[in-house]
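K.L.:
Here are the chains, one letter per residue:
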Amino acid sequence: MSNSQAMCTSFKTEILSGIHAFGTSVVRVSTAADLLKTALYLASSSQGAGTTAYGITGEVTGTNYTAGGIAVTNANVPANSGTTAYWTPSASFSWTNVTLTTSFDCALVYNSTQGNKAISVHTFGAQTITAGNFTLTMPTNDSTNALLRIA
Amino acid sequence: MINTTKGEMDEALLEKREGFIENDNESTKWLEYWHESELVHRSVNVTLKKALVSTSEIGGFNV
Numbered sequence: 001m002s003n004s005q006a007m008c009t010s011f012k013t014e015i016l017s018g019i020h021a022f023g024t025s026v027v028r029v030s031t032a033a034d035l036l037k038t039a040l041y042l043a044s045s046s047q048g049a050g051t052t053a054y055g056i057t058g059e060v061t062g063t064n065y066t067a068g069g070i071a072v073t074n075a076n077v078p079a080n081s082g083t084t085a086y087w088t089p090s091a092s093f094s095w096t097n098v099t100l101t102t103s104f105d106c107a108l109v110y111n112s113t114q115g116n117k118a119i120s121v122h123t124f125g126a127q128t129i130t131a132g133n134f135t136l137t138m139p140t141n142d143s144t145n146a147l148l149r150i151a
Numbered sequence: 001m002i003n004t005t006k007g008e009m010d011e012a013l014l015e016k017r018e019g020f021i022e023n024d025n026e027s028t029k030w031l032e033y034w035h036e037s038e039l040v041h042r043s044v045n046v047t048l049k050k051a052l053v054s055t056s057e058i059g060g061f062n063v
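These protein sequences, in sequence, are chains R and S. Position one of the first sequence corresponds to residue 1 (the numbering used here), numbered consecutively onward. Position one of the second sequence corresponds to residue 1 (the numbering used here), numbered consecutively onward.
The set of hints was computed from the structure by calculation and includes no laboratory data. Be careful, since some hints might not be right.
Unchecked claim - Below 27 Å or equal to it, Euclidean Cα-Cα: the simulated BS3-like pairs (lysine-lysine) are:
hint	chain 1	residue 1	chain 2	residue 2
1	S	29	S	50
2	S	50	R	12
3	S	16	R	117
4	S	50	R	117
5	R	37	R	117
6	R	37	S	49
7	R	12	R	37
8	S	16	S	6
9	S	50	R	37
10	S	49	S	29
11	R	117	R	12
12	S	16	R	12
13	S	29	R	37
14	S	50	S	16
Stated by the list, open to error - These stretches of chain R come out as covered by chain S in the derived footprint (C-beta under 8 Å, 3 or more residues):
hint	segment
15	2 to 16
16	37 to 49
17	53 to 60
Quantities reported herein were computed from a predicted structural model and do not represent experimental measurements. All residues carry an ideal CB built from backbone N, CA and C; glycine is no exception.
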């Protein structure tokens, strides 16, 4: 046996559940998972690593689309495999019977419970929707495909 | 029946067009219905392939 230097895999997983607070943290009202949401952004917007919170600037507008987007279905507990922690929403993001005439190419996942703080930005080829559905299908929730991974 | 900009329409009255692209980032399918040269329905399904990965490192001690 020998010792090996590493960031503990359990720590990576626990980061996703808010177990550790190295800086000033927040007061939680319960131990339940936060409510996450996702919103769509126009191709002309500027979402990215510098995004700190959800905002309406650059968000899509259109028939049957509600500002702020939709709730993320989260029945998956953050997990790990090997040395990778990972998490994926447990259902696809889906907007039904919408008309979004200005091209959009981005989905922002954010934490509605914690002041709409940003989590991740996902981009794809620019799209428009006409009296139809827009679906973002989630990848397999494992250490090599999950939507969010800490390796 | 297909939901369109003109309400529910019989699919037989519409021209159906489908498309598909796949690259390193996504696999995307779209479905369109046209009526008399007018786009009346467009749906899209995007599967993201490039997950977001944050790599972690730890520093060493000065000894």
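K.L.:
Hint by hint, say whether it matches the structure.
P.N.:
These are the hints, each one checked on the structure:
Straight-line distance between C-alpha atoms of residue 29/S and residue 50/S comes to about 17 Å, which keeps the hinted pair within the 27 Å bound. Distance hint between residue 50/S and residue 12/R is fulfilled; the C-alpha atoms sit about 20 Å from each other, no more than 27 Å. A threshold of 27 Å between alpha carbons decides the hint, and for residue 16/S with residue 117/R the separation of about 41 Å lies outside it, so the pair is violated. For a cut-off of 27 Å, the pair hint linking residue 50/S to residue 117/R stands: about 22 Å separates their Cα positions.
A threshold of 27 Å between alpha carbons decides the hint, and for residue 37/R with residue 117/R the separation of about 10 Å falls inside it, so the pair holds. With a CA separation close to 20 Å, the supplied pair residue 37/R and residue 49/S stays within the 27 Å bound. Of the supplied pair hints, the one linking residue 12/R and residue 37/R holds, its CA atoms being roughly 22 Å apart against a limit of 27 Å. Proximity of residue 16/S to residue 6/S is assessed by CA-CA distance (about 16 Å); at most 27 Å being required, the pair is judged to hold.
Taking the CA atoms of residue 50/S and residue 37/R, the gap is about 20 Å. The hint holds against a cut of 27 Å. Proposed proximity of residue 49/S and residue 29/S is supported: the alpha carbons are some 14 Å apart, at most 27 Å. Taken as a hint, the residue 117/R and residue 12/R pair is honoured in the structure, with Cα atoms around 20 Å apart against an allowance of 27 Å. Restraint check for residue 16/S and residue 12/R: not satisfied, since their Cα atoms lie roughly 47 Å apart, outside the 27 Å limit.
Under the criterion of a C-alpha separation no larger than 27 Å, the hint pairing residue 29/S with residue 37/R is consistent with the structure, at around 24 Å. With a C-alpha separation of about 30 Å, the suggested pair residue 50/S and residue 16/S falls outside the 27 Å cut-off, and the hint is violated. Restraint check on the segment 2 to 16 of chain R versus chain S: 4 residues with Cβ-Cβ distances below 8 Å, three needed, restraint holds. Counting residues of the segment 37 to 49 of chain R whose CB lies closer than 8 Å to any CB of chain S gives 0, which falls below the minimum of 3, so the coverage claim is violated.
Check result for the segment 53 to 60 of chain R against chain S: violated, 0 residues qualifying (beta carbon to beta carbon below 8 Å, three or more required).
Checked against the numbered hints given earlier, the structure breaks hints 3, 12, 14, 16 and 17 and satisfies all the rest.
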